[in-house]
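Based on the sequences and whatever the hints tell you, model everything.
These protein sequences, in sequence, are chains A and B.
In this text, residue positions in the first sequence follow our numbering: the first is 604, and each later residue adds one.
In this text, residue positions in the second sequence follow our numbering: the first is 604, and each later residue adds one.
No lab work stands behind these hints: they were computed from the structure.
Watch out, some of these pointers could steer you wrong.
Treat identical chains as interchangeable: a pair holds within one or across any two.
Cut-off 30 Å, straight-line C-alpha distance, at most; resulting in silico cross-link-like pairs (DSS-like, lysine-lysine) [to be verified]:
1) Lys-637 / Lys-615
2) Lys-824 / Lys-766
3) Lys-714 / Lys-791
4) Lys-766 / Lys-791
5) Lys-662 / Lys-637
6) Lys-662 / Lys-824
7) Lys-824 / Lys-663
8) Lys-791 / Lys-824
9) Lys-711 / Lys-766
10) Lys-615 / Lys-791
11) Lys-662 / Lys-615
12) Lys-711 / Lys-791
13) Lys-766 / Lys-714
14) Lys-714 / Lys-662
There are 2 protein chains.
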Amino acid sequence: MKSEDYTQHISKQFNADLEEVRSHILAMGGLVEKQVVDAVQALVEADSALASEVISNEKKVNGMERRIDEECTRIIALRQPAASDLRLLVAATKANTDLERIGDEANKIAKMAIRLSEDGALPRGYIETRHIGHHVTAMLRQSLDAFARFDVDQAVAVVREDKSVDIEYESAMRLMVTFMMEDPRYIKRGLNVLWSLRALERIGDHARNISEQVIYLVKGKDIRHLPLSTLQDDHVLTSEEKKNLKTE
Amino acid sequence: MKSEDYTQHISKQFNADLEEVRSHILAMGGLVEKQVVDAVQALVEADSALASEVISNEKKVNGMERRIDEECTRIIALRQPAASDLRLLVAATKANTDLERIGDEANKIAKMAIRLSEDGALPRGYIETRHIGHHVTAMLRQSLDAFARFDVDQAVAVVREDKSVDIEYESAMRLMVTFMMEDPRYIKRGLNVLWSLRALERIGDHARNISEQVIYLVKGKDIRHLPLSTLQDDHVLTSEEKKNLKTE
Numbered sequence: 604m605k606s607e608d609y610t611q612h613i614s615k616q617f618n619a620d621l622e623e624v625r626s627h628i629l630a631m632g633g634l635v636e637k638q639v640v641d642a643v644q645a646l647v648e649a650d651s652a653l654a655s656e657v658i659s660n661e662k663k664v665n666g667m668e669r670r671i672d673e674e675c676t677r678i679i680a681l682r683q684p685a686a687s688d689l690r691l692l693v694a695a696t697k698a699n700t701d702l703e704r705i706g707d708e709a710n711k712i713a714k715m716a717i718r719l720s721e722d723g724a725l726p727r728g729y730i731e732t733r734h735i736g737h738h739v740t741a742m743l744r745q746s747l748d749a750f751a752r753f754d755v756d757q758a759v760a761v762v763r764e765d766k767s768v769d770i771e772y773e774s775a776m777r778l779m780v781t782f783m784m785e786d787p788r789y790i791k792r793g794l795n796v797l798w799s800l801r802a803l804e805r806i807g808d809h810a811r812n813i814s815e816q817v818i819y820l821v822k823g824k825d826i827r828h829l830p831l832s833t834l835q836d837d838h839v840l841t842s843e844e845k846k847n848l849k850t851e
Numbered sequence: 604m605k606s607e608d609y610t611q612h613i614s615k616q617f618n619a620d621l622e623e624v625r626s627h628i629l630a631m632g633g634l635v636e637k638q639v640v641d642a643v644q645a646l647v648e649a650d651s652a653l654a655s656e657v658i659s660n661e662k663k664v665n666g667m668e669r670r671i672d673e674e675c676t677r678i679i680a681l682r683q684p685a686a687s688d689l690r691l692l693v694a695a696t697k698a699n700t701d702l703e704r705i706g707d708e709a710n711k712i713a714k715m716a717i718r719l720s721e722d723g724a725l726p727r728g729y730i731e732t733r734h735i736g737h738h739v740t741a742m743l744r745q746s747l748d749a750f751a752r753f754d755v756d757q758a759v760a761v762v763r764e765d766k767s768v769d770i771e772y773e774s775a776m777r778l779m780v781t782f783m784m785e786d787p788r789y790i791k792r793g794l795n796v797l798w799s800l801r802a803l804e805r806i807g808d809h810a811r812n813i814s815e816q817v818i819y820l821v822k823g824k825d826i827r828h829l830p831l832s833t834l835q836d837d838h839v840l841t842s843e844e845k846k847n848l849k850t851e
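Take a look at the structure:
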């Protein structure tokens, strides 16, 4: 499916409606991505002013979620879409929920950033946090690009990427536990870093969910909970897409 | 809205379709509730066999999620529902996602239960875990009852209950941190208890989400992210429902 595919409707208004949902999802995605970037920066630079900004933007994200859901439901009721149009609206509703949850996680990180900044100096674990922060931000950006361009290759790449974030997360967690056992005075601060790492790992999961929705909307196939190898079978992907899957 | 309201359709098949979605959500809810109860029991009784059972049931939950989503999309495409029928299908899709996430959290708790059972004796923090476990299980059951009976009062009660779970959770967390600081050898085990508490708190959030969907489907009003006081305004509730809200 190309983004032009839905320009064939008899009703120009219907096209405009679908295009609007798509652009609202991308606008919300842009704001949420900024929230994550700012929250991670606030954390690693102990910048409580930036963290407060993230927290005050949370309402904007929630407002966008409500509007997009309203919009999707209204279009479904009014236009009675079928096939790929309906899949776009279902995928948009699901991606909308994931984006809002990512906003929630950014908000949690910002709260940890404020607590941690009160102590001043950067504690151990910040390098790992920054690294994983950049990694999941890139995943989120790629999943939004995949949504914008209906790009299955990109979406598959994000689904795969989530595994390596999980590995980095496990390793960072083990390191933090070691720090805490070495120096029990560090436990309280260490826990704030742990919660931030956990929030980042969840953001990776949500970016993966959004990418799975892109695959569903383009291919009409629900790949959630299935192993990546499923993409090789079932004629879900074209031979070109399968080649990309193998060479990566 | 009463559950009989959608029995007025000209098409008997449409009624049967909607009833089926509703009963599938409730069946999935029943399984997920059992997963939570078993996971908490496995944790507090150090029962790794029960924990393994929870982990192996996870696939069933995932399969149910896929089928319900397929079902809702198929009905929307085929029947082109409007108004309360469409709201039921949208709410079912959203509740479906929340139930699957609750299943995920139960799965995480079961994994912690296995790790903790390897050490034998019950560590500190188990009383708190059991207490919060029972609390969120009750919330989940109530939110499913509210969904089954389209019961706004019950749904409002769950939304309110979530606040007290959050308070219990914060207090249990502080206690665990104290234990860990007193005895650093306990850090590793304490973290497993912490993650379990966190998973339970998340289950409470998801039960709350399901209840918000019940309010949306019955009242046609999206109350997510709004303070509870909103329910007093905007003519969302009947005067009888408002009275219940005040006296509780």
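Right, here's what the structure says about each hint:
Neither within a single protomer nor between protomers do Lys-637 and Lys-615 lie at most 30 Å apart by alpha-carbon distance, with minima of 33 Å and 49 Å respectively. For the homomeric pair Lys-824 and Lys-766, the shortest alpha-carbon distance inside one copy (21 Å) is at most 30 Å, but the shortest distance between copies (38 Å) is not. Taking the shortest Cα distances, Lys-714 and Lys-791 sit within 30 Å of each other both inside one copy (14 Å) and across copies (24 Å). Within a single copy, Lys-766 and Lys-791 get their C-alpha atoms as close as 29 Å, and across copies as close as 24 Å, so both meet the 30 Å cut-off.
Taking the shortest Cα distances, Lys-662 and Lys-637 sit within 30 Å of each other inside one copy (14 Å), while across copies they are farther apart (35 Å). Only between protomers do Lys-662 and Lys-824 lie at most 30 Å apart by alpha-carbon distance; the minimum there is 18 Å, versus 34 Å within a single protomer. Proximity of Lys-824 to Lys-663 under the C-alpha cut-off of 30 Å is restricted to the inter-copy arrangement: shortest distance 19 Å between copies versus 32 Å within a copy. In this assembly of identical chains, Lys-791 and Lys-824 lie within 30 Å of each other by CA distance neither inside one copy nor across copies; the values are 45 Å within and 41 Å between.
Both within a single protomer and between protomers do Lys-711 and Lys-766 lie at most 30 Å apart by alpha-carbon distance, with minima of 23 Å and 17 Å respectively. Taking the closest pair of Cα atoms, Lys-615 and Lys-791 never come within 30 Å of each other, the shortest separation being 58 Å inside a single copy and 60 Å across copies. Neither within a single protomer nor between protomers do Lys-662 and Lys-615 lie at most 30 Å apart by alpha-carbon distance, with minima of 33 Å and 43 Å respectively. Taking the closest pair of Cα atoms, Lys-711 and Lys-791 come within 30 Å of each other both inside a single copy (16 Å) and across two copies (23 Å).
Taking the closest pair of Cα atoms, Lys-766 and Lys-714 come within 30 Å of each other both inside a single copy (27 Å) and across two copies (18 Å). In this assembly of identical chains, the alpha carbons of Lys-714 and Lys-662 lie at most 30 Å apart only when taken from the same copy (15 Å versus 35 Å across copies).
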